[in-house]
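The whole structure should be built from the sequences, with the hints applied where relevant.
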Amino acid sequence: MSDRQQTFDKVAELIAPFNKKGVTLGEATTFQGDLEWDSLTVMDFVAAIEDEFDILITMNMQAEIETVGQLVDAVEKLKTQ
Amino acid sequence: MTDTTTPARDLMSKFDPLIAERQALIDSGVTDPFAIVMEQVKSPTEAVIKGKDTILLGTYNYMGMTFDPDVVQAGKDALDQFGSGTNGSRMLNGTFRDHVGVEQALRDFYGMSGAIVFSTGYMANLGMISTLAGKGDYVILDADSHASIYDGCKQGVAEIVRFRHNSVEDLDKRLGRLPAEAGKLVVLEGVYSMLGDIAPLKDMVAVAKKHGCMVLVDEAHSMGFFGPNGRGVYEDQGLEGEVDFVVGTFSKSVGTVGGFCVSNHPKFEAIRLACRPYIFTASLPPSVVATAEVSIRKLMHAHNKRAHLWENARTLHNGLTEMGFTLGTKTPDSAVIAVLLDDQEQAVAMWQALLDGGLYVNMARPPATPAGIFLLRCSVCAEHSSAQISTILKMFRAAGQAVGAIG
Numbered sequence: 003m004s005d006r007q008q009t010f011d012k013v014a015e016l017i018a019p020f021n022k023k024g025v026t027l028g029e030a031t032t033f034q035g036d037l038e039w040d041s042l043t044v045m046d047f048v049a050a051i052e053d054e055f056d057i058l059i060t061m062n063m064q065a066e067i068e069t070v071g072q073l074v075d076a077v078e079k080l081k082t083q
Numbered sequence: 068m069t070d071t072t073t074p075a076r077d078l079m080s081k082f083d084p085l086i087a088e089r090q091a092l093i094d095s096g097v098t099d100p101f102a103i104v105m106e107q108v109k110s111p112t113e114a115v116i117k118g119k120d121t122i123l124l125g126t127y128n129y130m131g132m133t134f135d136p137d138v139v140q141a142g143k144d145a146l147d148q149f150g151s152g153t154n155g156s157r158m159l160n161g162t163f164r165d166h167v168g169v170e171q172a173l174r175d176f177y178g179m180s181g182a183i184v185f186s187t188g189y190m191a192n193l194g195m196i197s198t199l200a201g202k203g204d205y206v207i208l209d210a211d212s213h214a215s216i217y218d219g220c221k222q223g224v225a226e227i228v229r230f231r232h233n234s235v236e237d238l239d240k241r242l243g244r245l246p247a248e249a250g251k252l253v254v255l256e257g258v259y260s261m262l263g264d265i266a267p268l269k270d271m272v273a274v275a276k277k278h279g280c281m282v283l284v285d286e287a288h289s290m291g292f293f294g295p296n297g298r299g300v301y302e303d304q305g306l307e308g309e310v311d312f313v314v315g316t317f318s319k320s321v322g323t324v325g326g327f328c329v330s331n332h333p334k335f336e337a338i339r340l341a342c343r344p345y346i347f348t349a350s351l352p353p354s355v356v357a358t359a360e361v362s363i364r365k366l367m368h369a370h371n372k373r374a375h376l377w378e379n380a381r382t383l384h385n386g387l388t389e390m391g392f393t394l395g396t397k398t399p400d401s402a403v404i405a406v407l408l409d410d411q412e413q414a415v416a417m418w419q420a421l422l423d424g425g426l427y428v429n430m431a432r433p434p435a436t437p438a439g440i441f442l443l444r445c446s447v448c449a450e451h452s453s454a455q456i457s458t459i460l461k462m463f464r465a466a467g468q469a470v471g472a473i474g
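Chains E and L, in that order, give the protein sequences. Be aware that the first sequence starts at 3, since it is given in my numbering, and climbs by one per residue. Be aware that the second sequence starts at 68, since it is given in my numbering, and climbs by one per residue.
In short, the hints are calculated from the structure, not lab data. Note that the Cβ used here is the ideal one computed from N, Cα and C, for glycine as well. Do not rely on the hints blindly, as some may be mistaken.
Lysine to any residue pairs mimicking SDA-like chemistry, simulated, CA-CA at most 25 Å apart [as the list claims (entries may be wrong)]:
#1 E/Lys22 to L/His232
#2 E/Lys79 to L/Lys240
#3 L/Lys240 to E/Ile57
#4 E/Lys22 to L/Pro434
With beta-carbon atoms standing in for the labels, derived distance ranges [unchecked claim]:
#5 E/Asp46 to L/Asp204: 25 to 35 Å
#6 E/Gln83 to L/Arg174: 36 to 46 Å
#7 L/Glu88 to E/Gln7: 41 to 51 Å
#8 L/Gly305 to E/Ala30: 46 to 56 Å
#9 L/Ala374 to E/Val25: 52 to 62 Å
#10 E/Glu78 to L/Lys221: 26 to 36 Å
#11 E/Val25 to L/Ala87: 36 to 46 Å
#12 L/Pro84 to E/Val25: 21 to 31 Å
#13 E/Lys23 to L/Phe134: 51 to 61 Å
#14 L/Gln411 to E/Gln7: 40 to 50 Å
To list a few chain L residues with every Cβ distance to chain E over 10 Å, as calculated [stated by the list, open to error]:
#15 Asp77
#16 Gln148
#17 Ala438
Take a look at the structure:
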């Protein structure tokens, strides 16, 4: 399994507790449109991602991330820094 | 010639959901909580609303300075001597005698070497945060921060990091992940105004210093009655000299309008040369800065008012708790007492029942409130008499029982 796939799976696992509607997750799933998260849910989820990968995702970065795929890419990039 | 123009897309149509929500609220037969008009204001604690004498319990007028005879006289004198307005920026023609005077009063009040006055508290946060934190720097803010702090971040070019409300541990963890060499500004508030809870500033400032951050504290809701000199929560928690910048406002305890930042930083004056919300706006009218100056000087010695304000806060908090209301804080931590309600319907019904009974409080709802809470915010005033406080408690009992918020 590629590193990216592993990251995707981990991200999907962390999304699960916040996926109240049971949306099927793909690269193009959006946090706001598909998962319908409000800003507090986003904060809790971002904290979970940050703790898991020991990274920091600033609000500036968060504003650019709309889909699960974009988040996985961002995590991959931040992990190597 | 063919007409190739298309009709302009109506930019106002994005507000349709807001318009519909407001209409639905008004159609339910209640008074619009966000369109109250004070027809007369009789004192810091009494106004006439819809022809009815009403006790004010939602005004931020914590120290009741708005009708202080010395304060009012200073404003009248300034109007006579300096006219109604300044017509210009502080940087050009907008600095009059009393702008300098009020900045000196702030230095004296806070015991700090630097003071800069802005046209509102909102602009003080907007200006200080966006100017202090530049490209490549980090601003670290509490998730429950006031809109002016969030907007200060948006206006600037720094990287923004949020931590969980009042969590020292979360702040520590996030600061630990930031580049050690980067410039970092931690922004905190002494009192968070929606629930009236206070920040554990002592621990937070210690964590911020451990990670090499500068600290800005917004003390808008604490000036005049926290700490031995009324400087705010930071003074109350023994942090004199530990906080780099303190932001405040004239619109609450001081009783007029305006904002400020005070600091001991030796280069603080440079803010005046670089801060756009300071430079590109007209300065406060002379009557406003004259009233603020007198009010601030009187607040230094307002020990009796301070004691009475805290007594009022305790009495109200205890009374509402005994009745069975759920409040924003377990103990009377500040002069804001938030009554938490189940939903918008109950909050509006309760708010309306109080208003009809002659009491004005603030109704607050998301997104201004944290965690989707609907609440009625009471701000206590040092000028509320003990008799008014007991009347207020009776009104709350009646309204709470009428809408089923208490048994």
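Tested hints:
| no. | hint | result |
| --- | --- | --- |
| 1 | E/Lys22 to L/His232 | holds, 24 Å |
| 2 | E/Lys79 to L/Lys240 | holds, 20 Å |
| 3 | L/Lys240 to E/Ile57 | holds, 10 Å |
| 4 | E/Lys22 to L/Pro434 | holds, 21 Å |
| 5 | E/Asp46 to L/Asp204: 25 to 35 Å | holds, 26 Å |
| 6 | E/Gln83 to L/Arg174: 36 to 46 Å | holds, 44 Å |
| 7 | L/Glu88 to E/Gln7: 41 to 51 Å | holds, 43 Å |
| 8 | L/Gly305 to E/Ala30: 46 to 56 Å | holds, 53 Å |
| 9 | L/Ala374 to E/Val25: 52 to 62 Å | holds, 56 Å |
| 10 | E/Glu78 to L/Lys221: 26 to 36 Å | holds, 27 Å |
| 11 | E/Val25 to L/Ala87: 36 to 46 Å | violated, 27 Å |
| 12 | L/Pro84 to E/Val25: 21 to 31 Å | holds, 23 Å |
| 13 | E/Lys23 to L/Phe134: 51 to 61 Å | holds, 55 Å |
| 14 | L/Gln411 to E/Gln7: 40 to 50 Å | holds, 44 Å |
| 15 | Asp77 | holds, 23 Å |
| 16 | Gln148 | holds, 47 Å |
| 17 | Ala438 | violated, 6 Å |
Taken one by one, the earlier hints fail for this structure at numbers 11 and 17, listed in ascending order.
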